[in-house]
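**Q** Listed here are the chains, written in short residue letters.
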Amino acid sequence: MIKARGLTKRYGDFTAVDAVDLEVQKGELFGFLGPNGAGKTTTIKMCTGLLRPTAGQVWIGPYDVTAQPLQAKQIMGYVPDEPLLYEKLTGTEFLDFMGGLWGMEPDRRRRRAAELLELLGLTGAATDLVEGYSHGMKQKLALAGALIHEPQVLFLDEPTVGLDPRSARLIKDLLRGLCQRGVTVFMSTHIMEIAERMCDRVAIIDHGRIIATGTVDELRQRGGPGESLEDIFLRLTGGEEDRELIAFLGDNAATRSDGQ
Amino acid sequence: MSRGTRRLAALWKAVIVTSWRWLWSGRDRRWLQTLSALIGGLAVMGGVYAMARFVVFAVVGLIAPQATAGLLGASILGIMLFMVITAVGLSFSTMFFADDLTLLFATPLPVSWVLGVKMSVVVAGAAGVFAVFGWPVLWAYLGAAQAAWWVYVLSLVYGLALSTVAAGIGVLFNLAIARFIPPRLIRQLYAVVGVLAFVVFYATSQLLPDWFARHGAGELPASNLSVVGQRFALFGWLVSPMLRAAAGSGWLLPFLTLLAATGLIFVFSAGLAREGLYKGWSAFTEAGRRARPRPVLLAPGEAQVTVTRGGTVAAPAAASVADRTAALGGGWAGAWLGPRRGVILGKDLKYLRRDVQEWLQLFMPVIVIVVLLARFIIDPSMRSDPRMVQLNMGFLAFLGIMAGGSMGLYAIPREGNAVWMLRTAPISGRDVLLAKFWAGYLPSAAMMLAFGLLIMVLTHTPVSLMAVTAVVMLLVAAGSNGIAVAVGAMYPRFGARALKQRLTGAGSLVYMVAQLVYAGLVTVTAGLALAVDFLPPEIWQGPASGGTLMALLRFSAAMGPGLRHLFGGLIVAVICVLAVILPLELAAARLDNLEV
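Taken in order, these protein sequences are the chains called A and B. Letter by letter, the first sequence follows residues 67 to 326 of this note's numbering. Letter by letter, the second sequence follows residues 175 to 770 of this note's numbering.
Quick caveat, the hints were computed from the structure, so don't treat them as lab data. Quick caveat, the model's predicted, so the values are computed rather than measured. One or more of the hints may lead you astray.
[To be verified] For lysine-lysine, the following DSS-like pairs were computed, each having C-alpha atoms within a straight-line distance of at most 27 Å:
(1) A:92 x A:238
(2) B:674 x A:204
(3) A:69 x A:238
(4) A:204 x B:524
(5) B:524 x B:674
(6) A:204 x A:238
All chains, full assembly: derive it from the sequences and hints.
**A** Following this line, the structure appears as C-alpha cells:
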C-alpha cells in the first residue's frame, strides 16, 4: 500500500534522507523509529506530498505521489508531529472543513464529525474555538481530521506526544482497530514501548538511511539474548555511546564530590 | 576594545545578521530572485510610470490643472502610504521576528543597548525602503516644477522623517509590550500606535500646504503643477475643511478633534472586537454548552466500532451534534464553488469575522472613505464640480485597490503553520487560489461598491454612469485582488506569528511593483479612451501634434465616442481580467510545488 524506492532529500550539501526503500502492506501498522534529526519527519513529508523528493519515488496504493498527487492524497490522511490547526474555527467547523477538502457531502461529513468527536471525547468542546483547546485536545482533533474521510492510508508523526495516558491508550486502540479494518498505518515514534507492543513491523532510520527493518522479533533475533527493542535501537543508532558518556561524567562528578 | 564595546558590537552583529537572514530567508536563495525581480520590476515600473505620468500631464492637465495635480498627488500619496506602512511593518517585525527579546533580556545586556541596536536596524531599513520607492516621488516633483525643486526635496525629507518616526514609535511600542504590558492589552495598544502614526501623517500634512504657500510654492503658475506640493497633503486637504467647519478656524482644535476621534474609533473598535469576538464568543458558547445536556450519542465502545469498522451512528443521535456543526461550505459557498473551494471560502470568511488582525486591514480605507463622504456632505463644491467628483471617484478606486490588495495579499500567507492541511488535501493549487481570490474579493468589493454607490447617489450621478463606474470599480478591484493573492502565494513566510509578517521582503517589493504597473496600465488605457471627450480637437490635429501620444489620440478620436468608449472599456476589462488570470496561473504552479 505504501512503497518508496530510492527516496532521497537533499538540502544543498546536506542529505536528510538517503535512498530510502520501504514497503508497507495493506492493513499493516508500521513503526518508523529513529533518533532526533534522523530523517523520520522528512520521509513522512515526502510520502504525503509536503516535500518533493530530490530523487526516488513514493506510491500510495497505485498512485505516484509526485505524478498523481491529488489521487494519492485522496486516499491518505496525515497527522503532523505538532497539531497546528486553525485556531479561530470550532472543533466541528474544523472537521467540516477537513471533510469538505476531501469532497465529502455536507451531511456525511457532519455525521462523521459527530462520530469522531464522540469517540475522541471532544463532543463537549465541539463548539469551542480550537484556540481554547489543550495540546492533547488539538492532537486528537488533528487525528479526527485525518480520519474524517475514511482514509486507506494513515501517516502519523509522533501521534502520542503530549497525550495523557488515557488518550494515548485510546489512540493506540483506535489505530489497532483501523488496521484490522484494512487501513494501513505508518507511524513514527520515539516511544519504544509503543513500537514493541503495537507495530507489525518497524524500520529504524539514522542519518537518513534505513539501518534495520523487520518485525520486532526479527530485530531481537539479530541482537543479543534478552535485548529489548530499546537496547537494539540504542546499539544501532549509537545511543549506547551516550549512555557510556553519561556514566563517565557521573563517575567523574562523583569522584570530584568525594575529593572535596 | 573594552568588554562593553565588544558585547555591544556582538549584539549589533547578531541582530543585523538575523535581520538580514530573516529578510532574505529561503532555501532557494530567494534573495537572488528578489534582486532580479526588483531590477526588472523597477525598470518596468519606471517605464509605465513615465508613460502614465506623461499621459496624465499632457492630456488631462491641459483641461483640468486641478485634477492633474490631484491625480499626481493621489499617486504620490499612494507611494508615500506604501512606504509608511512598510516602515511601520518593518519596525514591528524587527522587534518580533526572531522572538529574541526574551533571550536578550535574559542576558546581562542593558535594556538601552537592546533598544538602540533594534532602532538602528529599523532606521536603516526604513531608509532603505524609502531609497527604493521614494525616487518616483522625487522624479515627479522635479519634472513637474523645477522652480520649486527644493520644496519638493523637502517633501521627500518629510516622508523619510515620517517613516522613521513611525518606525521609532513601533520599536518603542514593541519594547513596551515585551517588557511591561500585560498580553491582554496588546491589541488595544497596537490600535493606539496605528492611530498615532495615522494622526502624525494627518497633522503634519495638514500643516505643510500653508508652509509651502508661505515659502513660494503657491506663487508658481497655476497652469502647471504648482499645487502638486499641496495635493501631496491629500489627507489634510480632505480633512481640514470638514474639521474647520465643525470647530472654527485654526489647526490645533481640528488636530485634537481628529486625534480624539480616530483614537476613539480605533481603540473602541479593537476593544469591542476583543470583548465581543473573544470573550463574548467564548462566554456565549460556554453558556450554551452548559445549558444543553451533553448528548449521549453512543453506548461505550460503539463509536469505536462505527469508526473503525464502517457504518454510521444512528441518524437521530448523530444529528444532535451534527445540527450544531456549522457547515462551512454547505451553503451558498459550497453550491457556488463546490465543496472543496466552498469550505476554504467559508473558513476564510469566518476568520475575517473572528480575527481582529483580519478585518482591521479594512479599517484604514474605511476611515478615509468616511472622511471623504463627510467632505461630500459638508462641502457643496464637491458635489457640483464634475471634475472633483471624478477625481474623488478615482481616489476611491485607489482605496479599493489598497483594500482589495491588503485582503488578498495575505490570503495564502494567513494559513500560517496550518498550511499543511491544504497541502496534504486532494485539492489543486488553482482551486485553493480561486477560493482565496473570492474570499478576499467579496468583502473588499462589497465595501467599495457600497461606498461608491453612496457617493454617486450623494452627487446625483446619472444611473448609466453609476452602473459603468460600479463595473469599472469591480473590475479594477478584481485585478488588484488577483495580483495580491498570487504574490502572497509566491512569497509566503508561514512560520511568522503575526499576519503582517507572513510575507517575505521579496514579496512586499514584488507586490508594490506589480500593483503600480497594473494601476499605471489601467490609468493610461482609460486616459486615452476618455481624453478626447474633454480636449479641443486642435490639440491632436494641430501642426504641433506629433508623437506617439497624439497619434493614439487621433486614432481614439477617429473611432467615434461610442466605439471609443466600448473599445477603451474592453481593453481595461481585458487588463483587469488578465491581472486575475495570469498571476493566479503562475502562483498555482508555485503552490503545487510548495514545500512545507
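**Q** Each of the hints needs a verdict: does it hold here or not?
**A** These are the hints, each one checked on the structure:
1. Between the alpha carbons of residue 92 of chain A and residue 238 of chain A the distance comes to roughly 18 Å, so the proposed pair stays at or under 27 Å and holds.
2. A threshold of 27 Å between alpha carbons decides the hint, and for residue 674 of chain B with residue 204 of chain A the separation of about 25 Å falls inside it, so the pair holds.
3. Proximity of residue 69 of chain A to residue 238 of chain A is assessed by CA-CA distance (about 24 Å); at most 27 Å being required, the pair is judged to hold.
4. Of the pairs offered as hints, the one joining residue 204 of chain A and residue 524 of chain B holds, with about 19 Å between alpha carbons and a cut-off of 27 Å not exceeded.
5. Distance check on the hinted pair: residue 524 of chain B and residue 674 of chain B sit about 19 Å apart at the alpha-carbon level, within 27 Å; holds.
6. With a CA separation close to 17 Å, the supplied pair residue 204 of chain A and residue 238 of chain A stays within the 27 Å bound.
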